[in-house]
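A.B. asks: For reference, the chains in residue letters:
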Amino acid sequence: MLKENISLSQLLTLLINFLLGSAIVVGVGGDAKKDAWIAIAASIMFGFGIMLFYYFLISRVPGKNLYELMEIGFKRPLAIIFSNIYSVYFLYLASRVVRDFGELIASAILPSTPIEIISLTICLLMAYILYLGLEVLGRTSEIFTPYLFGFLFLLTILLFASGNANLHEIKPVLGDGLKPVLNALFPTLIVFPFGELIAFTLILPVVTNFKYCLRVSLLGVAIAGALLLFAMFLMIVTLGADALLRSNFPMLSSAREVSIGNFIERIDALVVFIMMLGILVKGSVFMFAGLKGLEYTFRLPYRYFSLPVAMIVSAYSVLISVNFGDHWQEGLEMVPYFLHLPMQFGLPSLLLIAVLWKKRKKKAKPGTKGMKF
Amino acid sequence: MSIIKSLLKMRKKKEYPVQIEEAAVAGPDLKSMNLEQLKEKVKAEFGSTVDLSMDELKTEGKDALLIYLTTMIDTKLLKETILQSISGKEDGFKLTTEDDLKSLCKGKFGGAGYQLIGSFDEIITSLLYGNIIILFKDMEKALSLSMAIGEDRSITEPSTQTVIRGPKDGFVESINTNVSLLRRRIKNRNLRFEKFIIGSETNTFVYIGYMEGTANEKIVGEVRKRLGQIKVNAIFESGNIEELIADKSATPFPLALNTERPDAVASNLLEGKIAILVDGTPFVLVVPAVLVDFFSIAEDYYQNFMMGSFLRIIRYLSFMIALITPSLYVGILTFHHELLPTPLLLGIIAQREGVPFPAVIEVLLMEVTFEILREAGVRMPRAVGQTVSIVGALVIGQAAAEAGIISNIMVIIVAIPAIANFVSPTYSFAAAARLLRFLLIIVSAFLGLYGVLIVLVFIVAHLSSLRSFGVPYLSPVAPFLIEQQKDVFFRFPIWSMRKRPAYLKTQNPEKFPKTGSPSPPPMKGDQSN
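For the record, the sequence lines run as chains A and B. When you line the first sequence up against full-length UniProt numbering, it's residues 1 to 373, in that order. When you line the second sequence up against full-length UniProt numbering, it's residues 1 to 529, in that order.
Rather than coming from a laboratory, the hints here were simulated on the basis of the structure. Since the structure is predicted, the reported quantities are computational estimates derived from the model, not experimental observations. Treat the hints with caution; some may be incorrect.
[Said to hold, decoys possible] Derived contacts from chain B toward chain A, CB cut-off under 7 angstroms, selection only:
| id | residue |
| --- | --- |
| 1 | Phe-46 |
| 2 | Pro-341 |
| 3 | Ala-461 |
| 4 | Ala-478 |
| 5 | Phe-480 |
| 6 | Leu-481 |
[As the list claims (entries may be wrong)] Taking beta-carbon pairs under 7 angstroms as the criterion, some of the chain B residues facing chain A (in silico):
| id | residue |
| --- | --- |
| 7 | Val-42 |
| 8 | His-337 |
| 9 | Glu-338 |
| 10 | Leu-339 |
| 11 | Gly-448 |
| 12 | Tyr-450 |
| 13 | Leu-453 |
| 14 | Phe-458 |
| 15 | Val-460 |
| 16 | Ser-465 |
| 17 | Leu-466 |
| 18 | Pro-479 |
Positions of the beta carbon are idealized from the N, C-alpha and C atoms, including for glycine.
Assemble the whole structure, with the sequences as input and the hints as a guide.
C.D. replies: This is the structure:
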């Protein structure tokens, strides 16, 4: 199979876009109301921990991705079962991401266009990118990331310049005590977006300069976390806690507040651009992770699967829920507990133990002493 | 001295890699035939063409046959030099063995680029390349002398890629003149040219030029390999070569840079790139080409670096304008009225009141009309140029708007990208924007700005999948190379651009040793310390 590599800077931009992805679309930690930013700040710490965990898992056997590690840990038949479960999981997540985006476009900028068309077009685009390979995904995200920063910066300036941002909205800090913050943090904020970094266990092994991989990944988590935090802060000071909680797409709502000199108005398009890039990267990374599972199972290059699988994702993005409320509820109440927790922490922990056990046994055989990690 | 040496070296390298192989396979020996037979055979090969001339002559006491194509050689030169020197005047010299022939040639044609050839096929090809052939009776070797006609178009200012400040000479159709233009700019022994003969029927000369010790050997090898693999019958322009050696042909973007400017080629050679010169065309290819090459021109380096950077940004901007303006108009007018400030929107809507078409039809109508006008402008006979410009300006501009077919703003929407498209220094790259514009217009008619974004991401993904001779097309932006950013969107001062492009993996990554910025001499007061 074709060997592909991505550079450290591409990894960094992929991480940032991935983490911002749908998190910035739907807004995370809203349960904590005014203190959502505190919850996000705390979750960044957990983000570091999660990244370290996945890195530790992957670096046990250099150059092997999650599925190949499973083969080492559990033998191939079991690994095939697990990898298929993971493929379904990742493709489900990809569908969710596409659905988020479809709802955003359908409700914000193209109200009369059916959501099927939106999800079909974006899935075709993802299929094309993945058909071209992970390298192309990396480069595409590398090209667009500066624009992301530029637009976010511009949005900030405009919001403050138009006088919509009211710093008093942030007070009182921790007015309702710690409880809402903790509620928002566990488990929603941890599994989404940071826990979803599990998809990067398929990407980390192909980074060219693996030595610096950990540093760059942590940097990526830090930058993305800071941007999320900043975006949340911006939303709170622009919208206020109540409007924030009611809004489906708070980022979009706050962008709509911008109005300068009756000339710069309705800059939703800019915001949609920020979001689309994130969605594109996040959806593609999930789809890539799912495709890798198929590649592992069938021993065929994953490119062959990209178009059919993208079409499946496109169809399921429409079928997974009847409406946005349903979709939202599913995402908040079911997915974190029944999907994210076992798939992000349960299975990987098991895998880590199995791999460590196998490695220890292997090391013990030639009679070397002790175990070094 | 080194110039002459390298010139000589170039001469020696004039091998015919393809031809030699063929000669080894099927070359009837000369020895086995006498002059009459050979004459008949040459006649049979060329048939009754009018420009074949075969004169019998006697030299050094030996019967000989002089063959040439009258249209390919300089007959004046032939009369002046060869006939005088070859008609036997020396006494006692007998031409019997091959050594005699060699010494004769050394004495008389030394320095004139003679060749002794031994096979019949070689005789035919030499004739076609503008050589004269002298066959001697009972000799194994024939004498071939280059006497190709030297009439070319004189060196003029290039008609494309004009500059305000910079050299005004451009390449011409003759490959040797083009090589000399490059040699005169790079007086360096490491400049190498290699010859290929491509096209089974046209036998066109193609040279590749590169700096030995700088250019990446792998890329040079790849160029050689791809040129060697070409199996077509005809090559008339470097565009043919470009299409045949590109990494991918299903793309609107050019994967090789073409230029008429020797200074641009020379600077690219020094960066570690490879030039491909084709006989019969003033357009020289430079490979590997990356996207940013199509936005930087030689003149950027001849003027103040701030101005150079500014103009470069203008070029990027115009590319984007040329690409997306019409589709933005369609998208905004069809789906996103709210993005426009109300007064402007009202103005546009009021203008469009009488227009019977939806925005997309209006735009397509005008774009196609403009493309037709543009093509007419290029193809029409010069004498009727006036007509087209008057009709075009009137029809496209005022009349269409007044007749209510299009709105007034439409004229602007068509004109701005059209002008912006002409900014692009390389015509073949601007063509990509011209084509993709239509895709964008159609998609934005269905999906609005969302569609425009989708297509833009699609284009970027496509661009990042492209490679030119193994070099990623979007480098040094993606993959991102921080040290190369001095010459991408901005043009830094020349003293600071010490590195050759890292994506080329050149053998010699530094152009010159580190020097500081130019600074004034110390002031009087400073001299004390």
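A.B. asks: So, as I understand it, the hint says B/Pro-341 touches chain A; can you test that by seeing if any CB pair is closer than 7 angstroms?
C.D. replies: 5 angstroms, holds
A.B. asks: Verify the interface restraint on B/Val-460: the C-beta must sit less than 7 angstroms from at least one C-beta of chain A.
C.D. replies: 5 angstroms, holds
A.B. asks: Hold the hint about B/Phe-46 up to the distance rule: shortest CB distance to chain A must be less than 7 angstroms.
C.D. replies: 52 angstroms, violated
A.B. asks: Using Cβ atoms only, decide whether B/Ala-461 comes closer than 7 angstroms to chain A, and label the hint accordingly.
C.D. replies: 5 angstroms, holds
A.B. asks: Can B/Tyr-450 be said to touch chain A, with a Cβ gap under 7 angstroms?
C.D. replies: 6 angstroms, holds
A.B. asks: Just to be careful: measuring from the Cβ of B/Leu-339 to every Cβ in chain A, is the smallest value less than 7 angstroms?
C.D. replies: Hint holds; B/Leu-339 Cβ to chain A Cβ min 6 angstroms, cut 7 angstroms.
A.B. asks: Less than 7 angstroms between beta-carbons is the criterion; does B/Phe-480 satisfy it with respect to chain A?
C.D. replies: 5 angstroms, holds
A.B. asks: Is the hint on B/Leu-481 kept, meaning its closest Cβ partner in chain A is under 7 angstroms away?
C.D. replies: 9 angstroms, violated
A.B. asks: Hint validation: B/Pro-479 versus chain A, beta carbon distance must be below 7 angstroms. Holds or violated?
C.D. replies: Hint on B/Pro-479: holds, closest Cβ of chain A at ~5 angstroms, below 7 angstroms.
A.B. asks: For the restraint on B/Ser-465, tell me whether the closest CB of chain A is nearer than 7 angstroms.
C.D. replies: Status holds, d = 4 angstroms.
A.B. asks: Does B/Ala-478 meet its interface restraint, that is, does its C-beta lie within less than 7 angstroms of any C-beta in chain A?
C.D. replies: 4 angstroms, holds
A.B. asks: Interface hint check: B/Val-42, Cβ to nearest Cβ on chain A, cutoff 7 angstroms. Holds or violated?
C.D. replies: Since chain A brings no Cβ nearer than about 54 angstroms to B/Val-42, farther than 7 angstroms, the hint is violated.
Hint check: violations occur at hints 1, 6, 7, 8 and 17; the rest are consistent with the structure.
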